[in-house]
Amino acid sequence: MAYNRCIGTRYCANNCPVKVRRFNYFNYNAEVGVGYGVEAFPSAIEKANRKLQALVLNPEVTVRGRGVMEKCTYCVQRVEKAKIHARKEGRKIEDGDVITACQAACSTNAIDFGNISDEESVVAKKHADTRAYGMLEQLNIKPRTMYLARVRNPHPRLKTTQQIEDLATIEAHHGHGGHGEGDGHDEHAADAHGEAAHNDSAHSDEHHGEEQHAE
Amino acid sequence: MSDTNSEKIVHGMMAEFTTVDTLLSACRRIRDAGYTKTDAYTPFPVHGIDKALGIKPTILPWICFFAGLTGTCIALTMEIWMNGVDYKYIISGKPFISLPAFIPVAFELTILLASFGAFFGMWALNGLPRFSNPMFTDPRFDRATDDRFFLYIDAKDERYDAAGVRSLLTDTGSDYVSEVLEDNTPKEIPRPIFVIWGVAVAASVIPLLCVLLMRVTNSSQPRFHIFMDMDFSPAKDAQQVTSLFADNRAMRPDVPGTVARGQLIGSLDVMTGIDVDSLQAMNAPQAQRLVAAFMQDDQAAIADEVTDVAKAEDDKETPSVMDTTPWVTENPMTVDSELMARGQQQFGIYCSVCHGMDGKGNGLVNQRAQEKGFDTWVPPSNMHQDTLYSDKYPDGKLFSTISNGIRKMPGYAGQIKVEDRWAIVAYVRALQKSQNATMDLIPEGRKEEVKSAVDAAQKELQRQADEAAKAAAAREQK
Amino acid sequence: MSLAIPNGLDNTVERPGERAPLVLGNTNYHDITESVCQVAERKPSAGWVGGFLVAFALLQMLGLLIVYLIYTGVGVWGNRAPIFWGWPIVNFVFWVGIGHAGTLISAILYLFRQEWRTSINRAAEAMTIFAVACAGTFPGIHVGRAWLAFWLAPYPSLNLWMWPQFRSPLLWDVFAVSTYGTVSLLFWYMGMVPDLATFRDRSKNKYRRMIYGLLCLGWSGSSRHWMRYEKAYAILAALAAPLVLSVHTIVSFDFAVSQVPGWHTTIFPPYFVAGAIFSGFAMVLTLMIPARSMLNLEKLITIRHLENMCKIILATGSLVGLAYGTEFFIAWYGQVPAEQFAFINRAFGPYWWAYWTMVSCNVISPQLFWFKKCRTTPWIIVVVCIFVNIGMWFERFVITITSLSRDYLPSAWAYFSPTWVDWGMLIGSFGLFFTLFLLFCRTLPVINMAEVKSSLAKQHHMAHAAAEHGEAEH
Amino acid sequence: MSEHAAPKFKPADDPTFSLPSSLASLQLPLLGGGLVALIVGVGMAFAAESESMPRFGFSTYLTAYMYVLTLALGSLFFVLIQHLVRAGWSVVVRRIAECFMILILPLAILFLPILFSLFFEGRLFVWTDPNFASAHGLDAKMWATKTSFLNAPFFIARSVLYFLIWGGLAVYYWRGSTTQDETGERAATDRMQYWAGPAVMLFALTTSFAAFDWGMSLAPMWFSTMFGVYIFAGAILSAHCLITVVSYVLQRHGAMKDEITVEHYHDLGKYIFGFIVFWTYIGFSQYLLIWYGNMPEETEWFFARQRGVFGGLSIALILLHWLVPFLGTMSRHIRRRPGLMAMWACYILVMHAIDIYWIVMPEARHLVHENIPNLGGALGLIASILSIVGMTALFVGLGLRVASGNRVIAVRDPRLRESIVFENL
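Protein chains in written order, with my numbering: chain X, 284 to 498; chain B, 16 to 493; chain S, 8 to 481; chain D, 307 to 731.
Partial list, derived from the structure: chain D residues whose beta carbon lies under 8 Å from chain S:
#1 MET448
#2 ARG492
#3 SER514
#4 VAL535
#5 VAL583
#6 TYR587
#7 SER591
#8 LEU595
#9 GLY599
#10 GLU603
Dumping the calculated DSS-like pairs for lysine-lysine here, alpha-carbon to alpha-carbon at most 30 Å:
#11 LYS425/X - LYS103/B
#12 LYS425/X - LYS364/X
#13 LYS66/B - LYS316/D
#14 LYS465/S - LYS52/B
#15 LYS71/B - LYS576/D
#16 LYS364/X - LYS103/B
#17 LYS103/B - LYS371/X
#18 LYS563/D - LYS66/B
#19 LYS447/D - LYS425/X
#20 LYS103/B - LYS375/X
#21 LYS66/B - LYS576/D
#22 LYS71/B - LYS465/S
#23 LYS302/X - LYS408/X
#24 LYS316/D - LYS465/S
#25 LYS576/D - LYS465/S
#26 LYS302/X - LYS103/B
#27 LYS366/X - LYS103/B
#28 LYS103/B - LYS354/X
#29 LYS465/S - LYS66/B
#30 LYS379/S - LYS318/S
#31 LYS576/D - LYS318/S
#32 LYS563/D - LYS465/S
#33 LYS447/D - LYS442/X
Computed spacing ranges between beta-carbons, pair by pair:
#34 VAL630/D - GLY49/B: 42 to 50 Å
#35 TRP154/S - ASP269/B: 32 to 40 Å
#36 TRP154/S - VAL220/B: 16 to 24 Å
#37 THR485/D - THR185/B: 56 to 64 Å
#38 ALA450/D - VAL405/X: 37 to 45 Å
#39 LEU416/S - VAL256/B: 34 to 42 Å
#40 ASN263/B - GLN360/X: 25 to 33 Å
Hints listed in this document are in silico derivations from the structure and should not be mistaken for laboratory results.
Quantities reported herein were computed from a predicted structural model and do not represent experimental measurements.
Where is the CB? At the ideal position from N, CA and C, for every residue including glycine.
Sequences are here, hints too, so could you generate the full structure?
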């Protein structure tokens, strides 16, 4: 997502099957001297200039005005910071180096973030879990974010035949055999960008039927 | 008319016809007569006339073909270079050079350039635009675009001979034959046109110059921005105002129910000081309200609820000295020296200013208030009255008082962390004990030490008392 | 001239082996010139002035709304997540579709040697250009930062040094619509050059003469010029024919390359093209029928012309119906739940009213044209065509909005409601269209005189040949 | 206005209006030889079946069959559309199309082997295999819905319906046209024009569904709304080519020497050029949308055609079915040379056979993800060629048989005169 280049056709948002994108329909920051139109301007040229310089030197965040699409960046600034830190120490990035904002705010530790190309990382292990599934994976969209199916504990006598079958045949996590031409995501993965695993207990996932006793 | 004719250049001879068929037969005749520099002028394309006049086919299709080919090449080169070489951008898992996706633009550019080829090629081959044409001098020629057909033989033709041509044309059945003369309208272009042209050109350059100027100027001032876009950061700082939210605060308070990281300690009992399970059993709605208020993270509401809980008990049929609120009776923290130290520190910071370092209710604030004699001043409680001892005033109630305040005392939940409040409770208990301590409470190992310390203190007191007595005696002697 | 058909004869009946005349009345070349030129030369009628004022007022409204939109932000429309594309895109596709008829009549019917196109192609082409102008307005202002819309051009933005993304269908669209607009303009203008010369030669007024003289490039009617002109016209027609198909195809790609259920279906390109022709012809008829009686052009735009257009409307309407059916069938046959849901939702979901409006207007109403009576009665044609226009607008509404409002994740579903700005812009775009069209009627040749004369000549020639042949047989 | 010599209009019993005897005598060799070649070819195809191409035999037959069927259907559509638009230019060549259109009737009999394949579970259409769903891990409920459409009885019923409709249309237009040869009745033309509209609708519907049934359902989990149009595009293109070739051959043998002029070749050439573009347009759109959407259930079909020898064939189709004939027939000068046009038409007819082969044969592969379809070795290749050639010979022989009993031109069509004098702009 190149925010500076975005002119807001909203095509990406339309076609996003998981509808994660949101759009700045208006300028929500009109009154702080950075808005559109003259009323924002008069007193603040010098200040605005300083802010502009600050923006140039700010490697972390781009800020978006109206007419620009919004998207989760996986806290790219935190990822970058952690990478720089790891490089300084001459080591690879490790679990816990990057704590994304959502992860930090989540009181139930439902979110894990890390490097999926590192097989020892928590996310990689959770991705390999039988309960892991990607949202709308059948569309070949190769999602990086995985969810863990809800754990339920039906009485054996209340299980449906489907559940019994599924439990009998349950194996390692299945993805779609990659037979698309695209390999962009693989490159992303190699980039030590992280991967989130949501342990979303509220997400009821009926068709998976991989319920197991856990509690 | 004849005298003017002699002064002007004769371009050729034209004849007028009224039907297509007569025109065509006339064309064939003059073709067969060997004239080559001929042309016909018709209001619509007449089929077969190119053969009748011997007009050669045009090369226009080739121009179009090559123009179209150029379009394809430009488009593909542009796409491959831009997306495949110069600016590689991963999108929707497609390769950088995705030929299928490049086809539409290539197709459109092919058509566009081929169309330009056809359109402007036609202009070029026909020598258009050509605004001055000797044919136009004859007013009858105006009907060449309406319903008349004209045949023209150019004077440059090798066989041209005015009389012969005139008779040939009259022979073909034309009822009007006339010489085509040089246009006698003035050739100069009117001056105002040049002026307008010049002004227009000059004016059209101005915006370009402005843009250029803005691009090359070095200035510490920001460029003029019609649209601010993302040049300036709209991030808000703390303590700023915004009109976006009803409370005008730019910094948003926590979402209700938020518990800061590391602040979720144990259960609700720990957080309120009330044994919520017992309260649930006694007064379920009350308990639910308390929990709800707590989820809202609204200190005032919690305080109200807690006092309500306490009050509800007080208001019961017989006002009882005994508080029946199910307070937590035991400090949920592990009471050790560390906790004590923490409690002492926190007590020193927050409580001692009113209650005094020893808890007797005579802190600096109180002293000052007494000195000033404020009549609304309610003196802080003395921690050492027996109603505040743990048998009458359970730990939970004390915790609740610290958190939510009592009488003039404000709640300290906002300032002191939960753990620290419990630490204060523990410390206050220690303070209370310290006033009524007996030797039995001292651990064996330290009894001697304490005894000697007490003895030393008593000795010192004795010494001071003696000295004071001596001094008093001495004064009396004087 | 004696062979011309008396005025009022029904030229919708055609005996096999004889071609019915396309120009009625005891007409000669000069009559054609007169009847076409009088439209522009006489004083404007009260009806024209009134119509123009209304249209122009609506155009002003559109302009003001655009200013308001750009000043405030695209949130003034009803577009909300997940319906990121709302009415503006519906209007865009609607107008682009209408913009297909002119070039189609001019190019494809020309290539198929359908001579009846000659009386209607000019006005239809003009409509194409005006419709493309209306269409072009919407994507331009639709983007969040309209002032940066020029970034869509393959131009390296100076501060970012980036290129546009050629793998995006939206960029194809930019190229397709702009190429289409340009080529249609060339085609229209080129067809007009000889007629502009007629205007020039008839002008009494010096300035008129100068302006038309400049516009017609000094056209003289030379046979050499005509020969190259006709070649160029044929080539342009041959280029415009695939172009006109490609434009709506590419518009359909905007939808069909995505994974949105209800959008991603391979029938979209031909189906969009059929729909475009369908709506375009309906619009041409809607305007042409009142225009031909107001401008006294009944002899040139005859019932036969109308009937032929009705037949094309019937054919394309049925094709569109077939495509609706095929979509439903394949959605069921394909057994992809999301796809199935999308189609059931279209027909029976919250937008069922839009869907059934679309079906009844687009598929059912043109079926009236199976009856000759309906094909040859102007007011019935107008009524049906207005229904078709409404239906085609709803088709775009159905495709764009129902698919977006309910796609894969129910958590993201929403219902679209337009704002007053949406309404204003839709109405305002009609203002733009009619302003341009009314100006066109007053200033430019509304009928291709040269071609009509040419077809009259052919009509005479054929009648002549038939007469000779008849004599020979006797 | 014409510079041509005034055309001569010959009487209806002119000898050049019937099939030249040199061609009529080819009937038996073509029929016999074609039948033998077909039987041998299909026999070899069964022999060429292997682990990787288990459905080779019937698929080869289907390829050959679909090839001639599209020719007949294209001819039928040609006739219908000429009536629908009251075309004048095409009258001189319309009878040629009519002769091939009526072959729908014998083709109905040749369809029997395909129906026969339904009795062998999964030997042609894999959905006839009751174990298909479980073997490929498909959802049972979904498969049940699918087989409510794709099952033998319903399939047979639909096939019968298609042939009834096509046969009915073909017979109606054949009768109308040949009767007019005798009576010269103008009203016959009116009647045929009247029914052309509904006939085209019926044709569009049935062809679309026949394409779904006989082409698309070979890969039962794959679907593309455009598929019917794709088959139609190939059919109409090859029908124009067939008409061009046959016109040329007839003229070379003395029939219709003066009636079919260079103008008709020019016009046919324009249509051929146009339909090459149309075929490309449909094929490209179908590919692009599926390629871009990249959804597994759709890409599967192209994926099978992207690897191995079929990958090469796909590229070859783009270059040889589009680019080469596109450039080749672009020029007016080429289109106005009957010999050259006939050559290009032959070439495109070959390409169309490859196109059909490319559609059908990859589905004969063993349906596992890793399996790359192949040509069945030298034996398979020879078998395929023999079958297609044999079937085509049979088809042409039948056409000659039809033509020999009738005139090769609609002599009393009221628009014949217009057609003969017709000139391109």
